[in-house]
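Build out the structure end to end from the sequences listed, making use of the hints.
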Amino acid sequence: MNVIIDYDVGNIESVKRGFMRANIPIIISKDETTIKQAELLILPGVGAFKNAMDSLEETGLIPLIKDHVKRGKLLIGICLGMQLLFDESVEFELTKGLGFIEGQIVYLTKPKKIPHMGWNDLTINHKDPITTNFTTGEFAYFIHSLYAKTPDKYNLVYTTYGHKIPAIVRKDNVIGIQFHPEKSGELGLRIIQSIKEMVR
Amino acid sequence: MLAKRIIPCLDVNQGRVVKGIQFKDLKDVADPAQLAKKYSLEGADEIVFYDITASNEKRNLSLDFVRKVAQEINIPFCVGGGINSVENMKDVLRKGADKISINSGAINTPEMIKKGAEKFGSQCIVLSIDVKEEDNQYVVYKNGGRVKTNLDAISWAKRGVELGAGELVINSMNFDGTKNGFDIKLLNIIAQAVNVPVIASGGAGGIAHFIELGKQTDVDGFLAASVFHYKEIQIHQLKEQLNKNNIVVRRTKEAL
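Protein sequence lines, in the order shown, are assigned to chains A and B. Under my numbering, the letters of the first sequence match residues 1 to 200, in that order. Under my numbering, the letters of the second sequence match residues 201 to 456, in that order.
Certain hints may be false.
Claimed, not checked - No farther apart than 20 angstroms at their CA atoms in a straight line, the calculated lysine to aspartate or glutamate pairs in the DMTMM-like style are these: (1) B:K295 <-> A:D6; (2) A:K110 <-> B:D418; (3) A:K153 <-> A:E57; (4) A:K112 <-> B:E440; (5) A:K149 <-> A:D87; (6) A:K164 <-> A:D121; (7) B:K237 <-> A:E13; (8) A:K149 <-> A:E197; (9) B:K295 <-> A:E13; (10) A:K149 <-> A:D121; (11) A:K112 <-> B:E432; (12) B:K295 <-> A:E197; (13) B:K319 <-> A:D8; (14) B:K319 <-> A:D54; (15) A:K196 <-> A:D172; (16) B:K290 <-> A:D8; (17) A:K70 <-> A:D172; (18) B:K237 <-> A:E186; (19) B:K385 <-> B:E432; (20) B:K290 <-> A:D6; (21) B:K444 <-> A:D121; (22) B:K319 <-> A:D6; (23) B:K238 <-> A:E186; (24) B:K319 <-> A:E13; (25) A:K149 <-> A:E93; (26) B:K385 <-> B:E334; (27) A:K73 <-> A:E197; (28) A:K16 <-> B:E362; (29) B:K238 <-> B:E432; (30) B:K268 <-> A:E13; (31) B:K315 <-> A:E91; (32) B:K268 <-> B:E242; (33) B:K315 <-> B:D291; (34) A:K196 <-> A:E39.
Simulated from the structure, these hints should not be mistaken for lab results.
In structure tokens form, the structure reads like this:
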């Protein structure tokens, strides 16, 4: 079973539609049994880091998510959900994240215009099953004001906007996608389809 | 590099797409979701809908199109028109819009920008401004360009951003519907005054106007309605020409 973790964030329905479009059956749930049985967990998210961590904690699901990862099953964070996978974020106040991938979420400082909003081109840094369906130079849809500072080995795909911004990160069975694949048109669809292959 | 966004704009009245020439003479054209899908497949980077339904009651019904659009397309879209409260914003976002565009509502109640940004994030609050140049002054109009305000466009743009708007749509009323090109002078003034993305609107008549806009300004989005609507410009051809002129655009795989 593929499950989108339901924890009171805005874009859940849109993420669900993204997976349905790619013919990946997926449900939205915060039910413990359902989460335990999931093969693939998706952690969506928009808004502020601390609010999201607080909401996630309220669900009581964090131990189950950690257990899911420990058992080697795939966890994918999208947008703010991606940022939650890291150690901590400096957004508003220093807040602890889930700590699956080493790194800190920090503000974009170099570009004139913030947020980083719009379509930006991807560069594949390390090949991975999740990079099989696209090539360097294709465009994905980003909206964010902070980015992940993380070791290069986890940075599979990046984009450039003042900084070199990790666009897809991976450590073992934990994957983070900074952009919105569900809003990235046909490219996003292909990326979601590659997830399907990975779960099988 | 961040691509310049090509944004078709659709006016919706009671759930149906219409296009006004200088805000008058509306002509029914098509179903919002179907037209949005068509534009999305042709390479549009984002779509903007303005609901121009006159009465609040009918608008609530009309806004059902938002849900259908969210089902049909997988690119971002923005919905505006008659949004006067945080409650209205929430409603439209819940129906699946990625951004909400506010105009007269924000002029009447500027606090709404701040509250909306705090609640939903600046990234989904778009401040749309109708600007008319009169006696060497850029004056803000409201109520679909029918009512003059005492606001100066540059000050209002800055204030809107301070309050939390994450993007501005600048519609030049002098240029809108003329098809003589975008208001480069105004757009440069606004783009230099703020640190958020600016979307240019009003005046697109041909591909050359988009190239001019890309070369002479720092705006992020190029918005147009009738040139796309009446198939005077095909989006993929427009992008090909922009690309040839070294203006970065997203080109979909089929086009590469």
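Checked hints:
no., hint, verdict
1, B:K295 <-> A:D6, "holds, 17 angstroms"
2, A:K110 <-> B:D418, "holds, 17 angstroms"
3, A:K153 <-> A:E57, "violated, 29 angstroms"
4, A:K112 <-> B:E440, "violated, 27 angstroms"
5, A:K149 <-> A:D87, "holds, 10 angstroms"
6, A:K164 <-> A:D121, "holds, 12 angstroms"
7, B:K237 <-> A:E13, "holds, 19 angstroms"
8, A:K149 <-> A:E197, "violated, 28 angstroms"
9, B:K295 <-> A:E13, "holds, 10 angstroms"
10, A:K149 <-> A:D121, "holds, 19 angstroms"
11, A:K112 <-> B:E432, "violated, 34 angstroms"
12, B:K295 <-> A:E197, "violated, 31 angstroms"
13, B:K319 <-> A:D8, "holds, 13 angstroms"
14, B:K319 <-> A:D54, "holds, 15 angstroms"
15, A:K196 <-> A:D172, "holds, 17 angstroms"
16, B:K290 <-> A:D8, "holds, 14 angstroms"
17, A:K70 <-> A:D172, "holds, 10 angstroms"
18, B:K237 <-> A:E186, "holds, 12 angstroms"
19, B:K385 <-> B:E432, "violated, 25 angstroms"
20, B:K290 <-> A:D6, "holds, 19 angstroms"
21, B:K444 <-> A:D121, "holds, 17 angstroms"
22, B:K319 <-> A:D6, "holds, 19 angstroms"
23, B:K238 <-> A:E186, "holds, 13 angstroms"
24, B:K319 <-> A:E13, "holds, 18 angstroms"
25, A:K149 <-> A:E93, "holds, 17 angstroms"
26, B:K385 <-> B:E334, "holds, 14 angstroms"
27, A:K73 <-> A:E197, "holds, 14 angstroms"
28, A:K16 <-> B:E362, "violated, 34 angstroms"
29, B:K238 <-> B:E432, "holds, 15 angstroms"
30, B:K268 <-> A:E13, "holds, 13 angstroms"
31, B:K315 <-> A:E91, "holds, 19 angstroms"
32, B:K268 <-> B:E242, "holds, 19 angstroms"
33, B:K315 <-> B:D291, "holds, 15 angstroms"
34, A:K196 <-> A:E39, "holds, 11 angstroms"
When held up to the earlier numbered hints, the structure conflicts with 3, 4, 8, 11, 12, 19 and 28 and fits the remainder.
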